[in-house]
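J.: Below are the chains, spelled out letter by letter.
Number of protein chains: 2
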Amino acid sequence: MPTVGIDIGGTKVMAGVVDADGNILEKLRAETPDKSKSPKVVEDTIVELVLDLSDRHDVHAVGIGAAGWVDADRNRVLFAPHLSWRNEPLRDRLAGRLAVPVLVDNDANSAAWAEWRFGAGRGEDNLVMITLGTGIGGAILEDGQVKRGKYGVAGEFGHMQVVPGGHRCPCGNRGCWEQYSSGNALVREARELAAADSPVAYGIIEHVKGNIGDISGPMITELAREGDAMCIELLQDIGQWLGVGIANLAAALDPSCFVIGGGVSAADDLLIGPARDAFKRHLTGRGYRPEARVVRAQLGPEAGMVGAADLARLVARRFRRAKRRRVERYERYEKFAEARRSPSESL
Amino acid sequence: MPTVGIDIGGTKVMAGVVDADGNILEKLRAETPDKSKSPKVVEDTIVELVLDLSDRHDVHAVGIGAAGWVDADRNRVLFAPHLSWRNEPLRDRLAGRLAVPVLVDNDANSAAWAEWRFGAGRGEDNLVMITLGTGIGGAILEDGQVKRGKYGVAGEFGHMQVVPGGHRCPCGNRGCWEQYSSGNALVREARELAAADSPVAYGIIEHVKGNIGDISGPMITELAREGDAMCIELLQDIGQWLGVGIANLAAALDPSCFVIGGGVSAADDLLIGPARDAFKRHLTGRGYRPEARVVRAQLGPEAGMVGAADLARLVARRFRRAKRRRVERYERYEKFAEARRSPSESL
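The listed protein sequences derive, respectively, from chains Y and S.
By the count of our numbering, the first sequence reaches residue 1103 at its end, each step adding exactly one.
By the count of our numbering, the second sequence reaches residue 1103 at its end, each step adding exactly one.
Please keep in mind that the hints were generated in silico from the structure rather than gathered at the bench.
Here a beta-carbon is modelled for each residue, glycine too, at the ideal position from N, C-alpha and C.
Derived, one-sided and incomplete: chain S residues facing chain Y with beta-carbon distance under 7 Å:
id, residue
1, 882
2, 905
3, 906
4, 907
5, 909
6, 910
7, 912
8, 915
9, 916
10, 917
11, 927
12, 1010
13, 1011
14, 1045
15, 1046
Turn these sequences into a full structure, and let the hints guide you.
T.: Here it is as structure tokens:
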């Protein structure tokens, strides 16, 4: 009973058919329509991808993991920094056009769900997921339930202030965690050092032939793996801030496990090692309490897509059950009506 | 069906008989035994208070709200900064001596429970409680359930880092939130200004006749109410940091309501006003999301005691039900046995 999962990020849309064990049967990609375009253009992209996949698969439900703030009813996208949605009733619009059950959730929530079902956080009863991409996404899973808060937007860890008066964040504040521990932070620091023609940056300057704008996150990870000292240090800095932030979350939430995902987590031990060290060094009450595990996510960039598909499966199952109940109710009524028509025979 | 609630803080132990509506029928106080004394001395104090109250009341259960970290089974106090408990099986020890059901919880959890049942947070489905005392206590209540995390110590908001490399905290870290927003922070700042003989501190210096060590939190609140500019500013500073911290918690947890309690909350609008302003100014995504209410706690310093008593009531009820089931089971067995003895008569 395959379902489709769709991950909508700031730059690309990923759509895939996923089976009940989390296996991806087919995958498509598209560019995310420009922020200046109307919300309908993004909808069109989603509908096209689903119809395309439906040609070859018997799609029973569609799940969307969106890089935006989804309301408590999981219908409206309240706000999406990289998309044109503002209080957009995405679920209802898509359900109208797709004729199958549609589920909408935040992309970090769906990634966390996937890691809990099939990945690094399998079976953890108190899981916190951190996705380090361009920014920081977050999710809280308790006993297999995504915690959304009162209005649906819990888990926005990236906008907790870690440095008073620190770097400006597009969210409107200063010193947000994601300004210190994310792909964007990594690239900003590298470009700054390169632009200042710092001796520590000569390696990467040479690598991009002086085109500082070409410096990217994956490039920094690659150079760090090859032993570039500056790139190793930058990942250490990001990892250190990651550790401080998860120590803060441990103080507040005391989870059993932190799963670290997102693009930057590809740096693996170059990032997670320093993060673990800083976590252990900053955890309040260390030595007097059990400590959460800090592990790297296992499902890679497809986690959001797989999670969205799996969450949609749950919704579809609920729909089917409700439908079955309706049918049964109707059949009971029919029986009853028939009995009343011919009382002598059946009563 | 009255139960006893006991609030154990760093300086005093409060014990009270509380009815099912949260009314305090009688209240006793004692000094908290010195940290250097053995854990048994604190137990003795608790037992004495309960026996004293039992002389005049039919006590059915005892609830303890302790200023310490309580494990997930709510039996052991893992760690208490102001008490001698280290991994102390408090519940079992007291249950052995008191012969009624005993419940142990963190003091901020029990205060939050009281505010949710009888106070400012009545019926809120996503409540976060902040108690500003000497430090910061915290609790998360969701649909009337205290969230404890995996190991029982969730809600330690006071030890989230808000200033990198900031003030030293006895927890072992630097820059913890409670070093900037608490009674201790308030007193530290006032004493520092007074010790520096700052002109802004002349009012309070005169008030304590130069004995800077006499400056206390309630005194600062009192002087602020009388219009002392420095004391007003200090409460604003504490309030501002309170607002920043709850904006961080709103990013992570998205609650419907923050309840601000603890001794410092007696300053009321002198504290909560600046806190609300800073919260609104620091909330990520402001303008694109519904905002949590920020309200002052209603039950005052007795909240922890009332909450502990009420939580104990729940436990006692569960005990009674289990006992009734045991009795019923026994009666069924008796009937059955009798039937077997005289089959002719009853079958």
